[in-house]
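Since the structure of chain A is already known, use the hints to place chain B on it.
Listed in order, the protein sequences are those of chains A and B.
When you line the first sequence up against full-length UniProt numbering, it's residues 1 to 586, in that order.
When you line the second sequence up against full-length UniProt numbering, it's residues 1 to 586, in that order.
Treat the hints as calculated values from the structure; they're not laboratory data.
There could be a bad hint or two in this list.
For identical chains, the list gives no copy identity; a pair is met inside one copy or between any two copies.
[Stated by the list, open to error] Heads up, simulated DSS-like pairs for lysine-lysine below, C-alpha to C-alpha not over 30 Å straight-line:
no. : residue 1 : residue 2
1   : K403      : K365
2   : K548      : K494
3   : K556      : K569
4   : K548      : K505
5   : K372      : K403
6   : K365      : K505
7   : K569      : K494
8   : K505      : K403
9   : K505      : K494
Note that the structure is predicted; figures quoted are calculated from it, not measured.
Number of protein chains: 2
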Amino acid sequence: MPQLRIALSQINPTVGDLARNADLVVAWTKRAAGRGAHLVAFPEMVLTGYPVEDLALRSSFVEASRRTLDALAARLAGEGLGETTVVVGYLDRCETATPRLGLPAGAPQNAVAVLHGGRVVIRSAKHHLPNYGVFDEFRYFVPGDKLAVVRVHGVDVALAICEDLWQDGGPVAAVRAAGAGLLLVVNGSPYELAKDDVRLELVRRRSAEAGCALAYVNMVGGQDELVFDGDSLVVGADGELLGRAPQFEEELLIVDLDLPAASTDDSAYNPGDVVADGLTIVQATVSDTPVEPYEPAPASTAERLSDDAEIYGALVSGLRNYAAKNGFRSVLLGLSGGIDSALVAAIAADAVGGANVYGVSMPSKYSSDHSKDDAADTAERIGLNYRQVPIAPMVDAYLDAVKLTGVAEENLQARVRGTTLMGISNQDGHLVLATGNKSELACGYSTLYGDAVGGFAPIKDLPKTLVWRISRWRNEEALRRGETPPIPENSITKPPSAELRPDQKDSDSLPDYEILDDILDDYVEQDMGRDAIVAAGFDAALVDRVLKLVDTAEYKRRQYPPGTKISLKAFGRDRRLPITNHWREG
Amino acid sequence: MPQLRIALSQINPTVGDLARNADLVVAWTKRAAGRGAHLVAFPEMVLTGYPVEDLALRSSFVEASRRTLDALAARLAGEGLGETTVVVGYLDRCETATPRLGLPAGAPQNAVAVLHGGRVVIRSAKHHLPNYGVFDEFRYFVPGDKLAVVRVHGVDVALAICEDLWQDGGPVAAVRAAGAGLLLVVNGSPYELAKDDVRLELVRRRSAEAGCALAYVNMVGGQDELVFDGDSLVVGADGELLGRAPQFEEELLIVDLDLPAASTDDSAYNPGDVVADGLTIVQATVSDTPVEPYEPAPASTAERLSDDAEIYGALVSGLRNYAAKNGFRSVLLGLSGGIDSALVAAIAADAVGGANVYGVSMPSKYSSDHSKDDAADTAERIGLNYRQVPIAPMVDAYLDAVKLTGVAEENLQARVRGTTLMGISNQDGHLVLATGNKSELACGYSTLYGDAVGGFAPIKDLPKTLVWRISRWRNEEALRRGETPPIPENSITKPPSAELRPDQKDSDSLPDYEILDDILDDYVEQDMGRDAIVAAGFDAALVDRVLKLVDTAEYKRRQYPPGTKISLKAFGRDRRLPITNHWREG
Numbered sequence: 001m002p003q004l005r006i007a008l009s010q011i012n013p014t015v016g017d018l019a020r021n022a023d024l025v026v027a028w029t030k031r032a033a034g035r036g037a038h039l040v041a042f043p044e045m046v047l048t049g050y051p052v053e054d055l056a057l058r059s060s061f062v063e064a065s066r067r068t069l070d071a072l073a074a075r076l077a078g079e080g081l082g083e084t085t086v087v088v089g090y091l092d093r094c095e096t097a098t099p100r101l102g103l104p105a106g107a108p109q110n111a112v113a114v115l116h117g118g119r120v121v122i123r124s125a126k127h128h129l130p131n132y133g134v135f136d137e138f139r140y141f142v143p144g145d146k147l148a149v150v151r152v153h154g155v156d157v158a159l160a161i162c163e164d165l166w167q168d169g170g171p172v173a174a175v176r177a178a179g180a181g182l183l184l185v186v187n188g189s190p191y192e193l194a195k196d197d198v199r200l201e202l203v204r205r206r207s208a209e210a211g212c213a214l215a216y217v218n219m220v221g222g223q224d225e226l227v228f229d230g231d232s233l234v235v236g237a238d239g240e241l242l243g244r245a246p247q248f249e250e251e252l253l254i255v256d257l258d259l260p261a262a263s264t265d266d267s268a269y270n271p272g273d274v275v276a277d278g279l280t281i282v283q284a285t286v287s288d289t290p291v292e293p294y295e296p297a298p299a300s301t302a303e304r305l306s307d308d309a310e311i312y313g314a315l316v317s318g319l320r321n322y323a324a325k326n327g328f329r330s331v332l333l334g335l336s337g338g339i340d341s342a343l344v345a346a347i348a349a350d351a352v353g354g355a356n357v358y359g360v361s362m363p364s365k366y367s368s369d370h371s372k373d374d375a376a377d378t379a380e381r382i383g384l385n386y387r388q389v390p391i392a393p394m395v396d397a398y399l400d401a402v403k404l405t406g407v408a409e410e411n412l413q414a415r416v417r418g419t420t421l422m423g424i425s426n427q428d429g430h431l432v433l434a435t436g437n438k439s440e441l442a443c444g445y446s447t448l449y450g451d452a453v454g455g456f457a458p459i460k461d462l463p464k465t466l467v468w469r470i471s472r473w474r475n476e477e478a479l480r481r482g483e484t485p486p487i488p489e490n491s492i493t494k495p496p497s498a499e500l501r502p503d504q505k506d507s508d509s510l511p512d513y514e515i516l517d518d519i520l521d522d523y524v525e526q527d528m529g530r531d532a533i534v535a536a537g538f539d540a541a542l543v544d545r546v547l548k549l550v551d552t553a554e555y556k557r558r559q560y561p562p563g564t565k566i567s568l569k570a571f572g573r574d575r576r577l578p579i580t581n582h583w584r585e586g
Numbered sequence: 001m002p003q004l005r006i007a008l009s010q011i012n013p014t015v016g017d018l019a020r021n022a023d024l025v026v027a028w029t030k031r032a033a034g035r036g037a038h039l040v041a042f043p044e045m046v047l048t049g050y051p052v053e054d055l056a057l058r059s060s061f062v063e064a065s066r067r068t069l070d071a072l073a074a075r076l077a078g079e080g081l082g083e084t085t086v087v088v089g090y091l092d093r094c095e096t097a098t099p100r101l102g103l104p105a106g107a108p109q110n111a112v113a114v115l116h117g118g119r120v121v122i123r124s125a126k127h128h129l130p131n132y133g134v135f136d137e138f139r140y141f142v143p144g145d146k147l148a149v150v151r152v153h154g155v156d157v158a159l160a161i162c163e164d165l166w167q168d169g170g171p172v173a174a175v176r177a178a179g180a181g182l183l184l185v186v187n188g189s190p191y192e193l194a195k196d197d198v199r200l201e202l203v204r205r206r207s208a209e210a211g212c213a214l215a216y217v218n219m220v221g222g223q224d225e226l227v228f229d230g231d232s233l234v235v236g237a238d239g240e241l242l243g244r245a246p247q248f249e250e251e252l253l254i255v256d257l258d259l260p261a262a263s264t265d266d267s268a269y270n271p272g273d274v275v276a277d278g279l280t281i282v283q284a285t286v287s288d289t290p291v292e293p294y295e296p297a298p299a300s301t302a303e304r305l306s307d308d309a310e311i312y313g314a315l316v317s318g319l320r321n322y323a324a325k326n327g328f329r330s331v332l333l334g335l336s337g338g339i340d341s342a343l344v345a346a347i348a349a350d351a352v353g354g355a356n357v358y359g360v361s362m363p364s365k366y367s368s369d370h371s372k373d374d375a376a377d378t379a380e381r382i383g384l385n386y387r388q389v390p391i392a393p394m395v396d397a398y399l400d401a402v403k404l405t406g407v408a409e410e411n412l413q414a415r416v417r418g419t420t421l422m423g424i425s426n427q428d429g430h431l432v433l434a435t436g437n438k439s440e441l442a443c444g445y446s447t448l449y450g451d452a453v454g455g456f457a458p459i460k461d462l463p464k465t466l467v468w469r470i471s472r473w474r475n476e477e478a479l480r481r482g483e484t485p486p487i488p489e490n491s492i493t494k495p496p497s498a499e500l501r502p503d504q505k506d507s508d509s510l511p512d513y514e515i516l517d518d519i520l521d522d523y524v525e526q527d528m529g530r531d532a533i534v535a536a537g538f539d540a541a542l543v544d545r546v547l548k549l550v551d552t553a554e555y556k557r558r559q560y561p562p563g564t565k566i567s568l569k570a571f572g573r574d575r576r577l578p579i580t581n582h583w584r585e586g
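Chain A on its own, in the form it takes in the complex (with noise of 0.2 Å):
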């Protein structure tokens, strides 16, 4: 059987700078064939980023990507690739789609292009769109009709995007009629929890459906609220893995391959025929000729992180890409000596290092001596740069000036940290870090333009029960590689309190958290509704309770700084309740 080392690159483009990315594309594919690579493969998108959502529909920018591939096939050429295949997702157009009311703008393909010898060998687009949870591509896109195949040293290579491998049918269906002797499906797959077990299963059952081996390379870094975990792999045609890209870090997975040889007689199908689902068969050729023989090299397959460790490590990415690519070297965050505040000071000072975190102690009258000591604790366990200001000059400047009391004056106080943290930022340039968890977030249990001030909060889709989880799995962490834990020990245990009034808890306001995130999990993981969480066991008013907080915390959602999400079911704009809600059905 032919062989074929395939190089797949699983890199962190940033969305919008075409010239970055295509940059990117030329040097790793140098580094490919510099290490004997025949075939070079991209995420989906590489050259625009994924994913560019309005950007999509403006038609300046398209033109600028598919000006970009022409470009960049010439320059690959140009510096001596141009014997190398090279596959890169990039945003097309559809010049046969038919003007109809909603039919995206300059209808705009998700679209993969074959690079080689100088010119665009073959191209083909997205055929199946997600359109629910984080993704809008309907919005966005026309779907493609063609499955596009490209003979590279005697092997066919049949080529697909992303949710083409997720869906039943279409692209992978038609793989098996076209009997390629690769599927190699480019993507930009965002991370949620154990993504990567279901991905493996995946690609091992579409690689049997579509009976020849499947290379699927992913993008890493962040983007707005979306992390990409990268996780590259390659399966053979039996399913066995031969070889997997670690998550969260730029990786070249090199893997070489043995592949069916290519049909010489036509009978398999022949080009234009509609093959399943509609689908056209389109095909290219690079090489008929199989390389010479060589020894095959090991391939990499990294070992998969823990459930906690894969979450921080989310986390991270997602903090240092969004800081990186909106220009920021630095973050400030309130330390209020809370469990929150510490988390988050330890995922930033791993995302951008602790000299580049900012912490600012805010205590109030009613600040308890712990919350200070535990709030300087954390800024030394972790070395960042600390100060404090006391708020109570502002604070009384506001209530000599207008009459607040109650809940009034419990905002004043987190309005007053927020206008304070918004001010050295202003001054100093660094992005402010909101610090709030899920469970506070479901429930509005936050102050407007108080402590939801920021660009970007990190543990926003963390429920407070995990926040716990994930500050002892970091601690442990720290004590497994001989350093000192970052996270105050104090403020792990102690009860959670906004320290807003004297003696305030949050278990004045809100359940047990155990509890809470419970039934967190059901209404809002699982959309279960108010009776089947009742009928789960627990307290009916108490349900009530939560899911009417959940249901009208909606404006404050949706006023709250971006963060990475972990799970499916992140609150962001992918979420969405209506505002003006009332429901009630007798």
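Chain B alone, transformed into the frame defined by chain A:
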């Protein structure tokens, strides 16, 4: 030809409040029956309100909608309305959908039902699902595959839902095949500028395609960022406009029609036939017998509003509904003396009454005397509650605690004002209004957590040049009515300034608003690229500067409160650039 008196109930449902919406249907059916109507029609999803967004994915909500529909049918009969044929939109689910990844959870459908004699006679679901602009229906609904035809007093009435009318093919084509005598379309069609003209032309065209009269019923009122403008109408098979309801007001539009008798042979079609675009016809009979001949009553045809009156009506309706549906009786805003806050105050007074509007002037050391005078003048003209809170003591308290200069100090002043407004709001229960306009929002010319605070932003979709135009219109309207113009002439004519530093003018940071709004119109509304805008005659450096502002202001725009949409390209949840957005070709 048989006669039929139809009643289009142009009403204002509340999202989620099934009980209240069902009460409205009963009350309006009673009114219609009292006026002799044979067929009463309500808007799209009137039972649940529209749009329900993620509530559609909660199966307990879908079941509640189904139960409410059945109970409504029984209740109508119980209240002596069983002989009236009632058409209502509601939320259903598809019982035959095949589970697959990405299928909306629970397979919800945007459905319509005919109620008669205490039961549901027939039902069908929306076939064409819009997924562009403000619509995300591929996320939420499974498309319907039936055309429902109900025989009422010897006339075949076909049913369709909103987008079914806007798209070619599908239900409209099937109506002709079915040989129906009337096409009844239920709608939740949001306002946009001059849509009423488009709508009448569309209804006429579809009526000709369907080969029958067409009755179009739309909702009124507001839901979050959407305003529904009503404009229900009826055209005859010849395209003649037979009756039309006003915009932005509830109305029972009653029209007497002479309609072709339903065919008594079965040659036209057989129920169960697939007739067009995969649609199956389903049929039910309420009554074969035509009504006794009666003297038709003249139908009313509302006069069209001028463009300016229409925009102003949408703004007032949007704010009134948002406040009322979120439980606010009063609104609060900062009065700067400038045109934006003066116009918002006028809109607010028209929406909730001047006595329920609270204006706060918050002068700083940079505030001019004319600003303070104009703010007080606005308050007096409108008859709102007015107070002054100088911000110097709070600003000084921050400046003593942290070093803030330049833009950081400018933003501080805006944030002290925001915190002051939010404090008063929390204390007294008012809805805070943000007063920014679309030009500012496009360019990010506002302060996060400063002038951007609030629960609603009435003029966020009005470009600055339109702010002036609509202000002048409102003043002229007052003179026409013999009332005091609400907006001080000086606020309209003076150069705009944020007054955050000595002698600051908007023109220090932004181009002349006439030019800026033209460039923004090209870029935002028309989606033109940079080169095309330059080719249209604008200075290239200026275009680059404006486009850069728009591309990088996404974070601020996302944090801005919701506001009434006037144009298709309003900034909101349906328009989204990536936050991390480095569009650069080379």
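Evaluated hints:
no. : hint        : in the structure
1   : K403 - K365 : both (18 Å within a copy, 23 Å between copies)
2   : K548 - K494 : within (28 Å within a copy, 48 Å between copies)
3   : K556 - K569 : both (17 Å within a copy, 24 Å between copies)
4   : K548 - K505 : within (21 Å within a copy, 46 Å between copies)
5   : K372 - K403 : both (28 Å within a copy, 22 Å between copies)
6   : K365 - K505 : within (16 Å within a copy, 41 Å between copies)
7   : K569 - K494 : within (29 Å within a copy, 49 Å between copies)
8   : K505 - K403 : within (25 Å within a copy, 33 Å between copies)
9   : K505 - K494 : within (11 Å within a copy, 52 Å between copies)
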